[in-house]
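For the protein sequence lines, the chains are H and A, in the order given. Sequential numbering from 3 applies to the first sequence in the numbering used here. Sequential numbering from 3 applies to the second sequence in the numbering used here.
Hints are not guaranteed to be accurate.
[Stated by the list, open to error] For each label pair, taking beta carbons as the anchor points, the in silico distance ranges come out as:
(1) A:ALA29 with H:GLN116: 21 to 29 angstroms
(2) H:ALA296 with A:ALA333: 55 to 63 angstroms
(3) H:LYS341 with A:GLU30: 40 to 48 angstroms
(4) H:ASP237 with A:PRO276: 57 to 65 angstroms
(5) A:GLU30 with H:PRO212: 21 to 29 angstroms
(6) A:GLN79 with H:GLU68: 53 to 61 angstroms
I should point out that these hints are in silico values taken from the structure, not numbers from a laboratory. C-beta: ideal position from N, C-alpha, C; glycine also.
There are 2 protein chains.
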Amino acid sequence: MDEFVINAASTAIVTNQGLEQAVLFFAERKCRHLLVLADPYMVQIGLEDALQKLTGTDLSVTLFHEFEGEPKIGPTQQAVNKARAAGADAVLGIGGGSALDMAKIVKTCLNGGQDVSHYLMQANPMPENRDVLCVVIPTTAGTGSEASGTNIITLENGHKGWVWGPQTKPDLVILDPSLTVSLPPDLTAWTGMDACVHAFEAATNNYTHPGAQLYAHEALRICRTSLPLAVQVPDSLAVRRDMLLASYYAGRAIDMASCSIAHALSHALASLGPIHHGLATALGFEVSLPFVIAADTNNMRSAARAFGVFHLADLPDIVSGFMTELNISRALPPAFANKTADDLLAVLLAEEMQPMRQACRVWAEDADLAGFATALFDPQRAAA
Amino acid sequence: MDEFVINAASTAIVTNQGLEQAVLFFAERKCRHLLVLADPYMVQIGLEDALQKLTGTDLSVTLFHEFEGEPKIGPTQQAVNKARAAGADAVLGIGGGSALDMAKIVKTCLNGGQDVSHYLMQANPMPENRDVLCVVIPTTAGTGSEASGTNIITLENGHKGWVWGPQTKPDLVILDPSLTVSLPPDLTAWTGMDACVHAFEAATNNYTHPGAQLYAHEALRICRTSLPLAVQVPDSLAVRRDMLLASYYAGRAIDMASCSIAHALSHALASLGPIHHGLATALGFEVSLPFVIAADTNNMRSAARAFGVFHLADLPDIVSGFMTELNISRALPPAFANKTADDLLAVLLAEEMQPMRQACRVWAEDADLAGFATALFDPQRAAA
Numbered sequence: 003m004d005e006f007v008i009n010a011a012s013t014a015i016v017t018n019q020g021l022e023q024a025v026l027f028f029a030e031r032k033c034r035h036l037l038v039l040a041d042p043y044m045v046q047i048g049l050e051d052a053l054q055k056l057t058g059t060d061l062s063v064t065l066f067h068e069f070e071g072e073p074k075i076g077p078t079q080q081a082v083n084k085a086r087a088a089g090a091d092a093v094l095g096i097g098g099g100s101a102l103d104m105a106k107i108v109k110t111c112l113n114g115g116q117d118v119s120h121y122l123m124q125a126n127p128m129p130e131n132r133d134v135l136c137v138v139i140p141t142t143a144g145t146g147s148e149a150s151g152t153n154i155i156t157l158e159n160g161h162k163g164w165v166w167g168p169q170t171k172p173d174l175v176i177l178d179p180s181l182t183v184s185l186p187p188d189l190t191a192w193t194g195m196d197a198c199v200h201a202f203e204a205a206t207n208n209y210t211h212p213g214a215q216l217y218a219h220e221a222l223r224i225c226r227t228s229l230p231l232a233v234q235v236p237d238s239l240a241v242r243r244d245m246l247l248a249s250y251y252a253g254r255a256i257d258m259a260s261c262s263i264a265h266a267l268s269h270a271l272a273s274l275g276p277i278h279h280g281l282a283t284a285l286g287f288e289v290s291l292p293f294v295i296a297a298d299t300n301n302m303r304s305a306a307r308a309f310g311v312f313h314l315a316d317l318p319d320i321v322s323g324f325m326t327e328l329n330i331s332r333a334l335p336p337a338f339a340n341k342t343a344d345d346l347l348a349v350l351l352a353e354e355m356q357p358m359r360q361a362c363r364v365w366a367e368d369a370d371l372a373g374f375a376t377a378l379f380d381p382q383r384a385a386a
Numbered sequence: 003m004d005e006f007v008i009n010a011a012s013t014a015i016v017t018n019q020g021l022e023q024a025v026l027f028f029a030e031r032k033c034r035h036l037l038v039l040a041d042p043y044m045v046q047i048g049l050e051d052a053l054q055k056l057t058g059t060d061l062s063v064t065l066f067h068e069f070e071g072e073p074k075i076g077p078t079q080q081a082v083n084k085a086r087a088a089g090a091d092a093v094l095g096i097g098g099g100s101a102l103d104m105a106k107i108v109k110t111c112l113n114g115g116q117d118v119s120h121y122l123m124q125a126n127p128m129p130e131n132r133d134v135l136c137v138v139i140p141t142t143a144g145t146g147s148e149a150s151g152t153n154i155i156t157l158e159n160g161h162k163g164w165v166w167g168p169q170t171k172p173d174l175v176i177l178d179p180s181l182t183v184s185l186p187p188d189l190t191a192w193t194g195m196d197a198c199v200h201a202f203e204a205a206t207n208n209y210t211h212p213g214a215q216l217y218a219h220e221a222l223r224i225c226r227t228s229l230p231l232a233v234q235v236p237d238s239l240a241v242r243r244d245m246l247l248a249s250y251y252a253g254r255a256i257d258m259a260s261c262s263i264a265h266a267l268s269h270a271l272a273s274l275g276p277i278h279h280g281l282a283t284a285l286g287f288e289v290s291l292p293f294v295i296a297a298d299t300n301n302m303r304s305a306a307r308a309f310g311v312f313h314l315a316d317l318p319d320i321v322s323g324f325m326t327e328l329n330i331s332r333a334l335p336p337a338f339a340n341k342t343a344d345d346l347l348a349v350l351l352a353e354e355m356q357p358m359r360q361a362c363r364v365w366a367e368d369a370d371l372a373g374f375a376t377a378l379f380d381p382q383r384a385a386a
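Looking at chain H on its own, in the form it has when it is part of the complex (with noise of 0.2 angstroms):
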């Protein structure tokens, strides 16, 4: 019998009034100062002031929204500096995957008395203290980044690194929909894709397990559903809670299984300009999938059928359509025309590269690996 863990998930709220349960949570554990890290939409769309009429004088809030893209370990420990000295005892993300995972370090480096490069890579023991305390919010329905105790930053040198620890976790987590709705079409395709690869991977890869499973085919068939409908409905709050739930269940299965050969490629791909995530996963996922699912496993066609699929050899082509659906382009952006499908072969051979390729139920080899990286810059599989 193959022995596996159920990691422990914190308490999930959901609900339409995200900003007042998380302040009720503060303020029923008697917390004094408030740390921020908000996506500069959230601060655009009026989050200081919101705050402001729910807080009253009891808690004092300080944000921090200085950051853009992917977190970095600059602007990190910039805001752990803020909190410090703002005396926080609370921190709140709210935002896309790069706010949730930067508040997650930041409340980790406030428990442990520490600074960021203490506990990058796991140089260091994560602290067990759980004195200051972390809500998350999501604002988009991908990541699954509060789900998870993977936290991704940008070390100095450019390459991506991680804090990593089931410590990190946030003590609450609160799905509001409300905050979802206003995200563009484009937007809710690339994060709904990521959520629905994450789950694929983590039903799928070596390191999969009827734990994780039950979260990931919950997240395909959410996906396979809602995410159209998200992006076609796009004002519908039952249909953005349902983006949200899978996102959140596909970040539970990542949390235990970890993904796969198509983030390899996302990553790979972000490496060599910017390109966002979950369009970076999508493309990694397409041209890909069809060399995974040669292994044809019964885990893979379990999750085929949690998709709607009964024969997994459809799989790539009901997934095409359906990235085609979602009006996904398959154009790499501007930045990348000087690129070459080299350049990103040589970035999937470095050695970050390789636990996320390891981890694939086939092995790729660097010929596979050649040919993938020549479909994302086929300029024909663009234009089509």
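We have chain H; now place chain A onto it with these hints.
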């Protein structure tokens, strides 16, 4: 949009080396004094020696097994006293739901520095600190106590009470099928039916929600296939593992959505005389199911489908056939010979039964309850 909460969950390890994993957990956290609450049966089969071999000198072990049947306030307080005398900083519950509920209550008392009576019926706030750690290992697959914040305890007046709170949940759940293979067929069937009914009630009652249904449906899917196998092929670790998962998932589901009318009937029966909780629950489920499914809700149809039944109207007959396949006798135990349907009805109308009655999707009038009671005491039914 309906709002709901997905409750926090502890880490759950699925393993064939449960005792080893428990001792490792305590050792890694530098615990020194362990109180073990164990079913007398576990002690008979050599639990003390097995623990001694594992713990070495760093962890002293105090065993408490002076209890039988469902937890009572007297023995539970004795266990608290014994733990205090030993200076216990760790509690292990190993056995059926009673040993697990007691372990969860004992560690709560140790963390809060109060006696059992202090925490009964939410009389006082629960302690938030987790200094005293708690691991639970179920040796039956049914109650789901390992996943829940509800702990049943019989009060000094003989009525059923409870200690409730997410703070009572263990720090680690261990699901070890090797400890359940020796469970006799009748106990396997009865406890497995308890898990089935938890899942059906949590998937369909007034408090159900999608977060609870994910677990409830998975439990129903597993039970339909694996419960008959666990009775027929008792020594299959894979089947026993699946039933432990089903029971754990059903426990997750009732932790969020609570149970309903079948459990009211079960608790009422138990107050009339000694009867196994799982058997009483199965009997209560069978006599009330036709009434309940008359509501014909989407949730009921989904729950039936998860159990492999595509027409809800067929569910009662299929459940009855399933119970017959499990060799579950419909006769009440001999101690019920001088009890009547009227005795049962009187208990069903008592105040403490009303929350489970109210949870039911259809309001059961007093006459409906009288009908269930009559069916349970029907000699023809018992003989069938």
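Structure-based check of all given hints:
At about 26 angstroms, the CB distance of ALA29 of chain A to GLN116 of chain H agrees with the hint of 21 to 29 angstroms. The hinted range of 55 to 63 angstroms is satisfied by ALA296 of chain H and ALA333 of chain A, whose Cβ atoms lie roughly 57 angstroms apart. Between LYS341 of chain H and GLU30 of chain A the Cβ separation comes to about 47 angstroms, which falls inside the hinted range of 40 to 48 angstroms. The hint said 57 to 65 angstroms for the Cβ distance between ASP237 of chain H and PRO276 of chain A, and at roughly 58 angstroms that hint holds.
Our hint of 21 to 29 angstroms for GLU30 of chain A and PRO212 of chain H holds, since their Cβ atoms are close to 25 angstroms apart. A C-beta distance of roughly 56 angstroms is found between GLN79 of chain A and GLU68 of chain H, which places it inside the suggested range of 53 to 61 angstroms.
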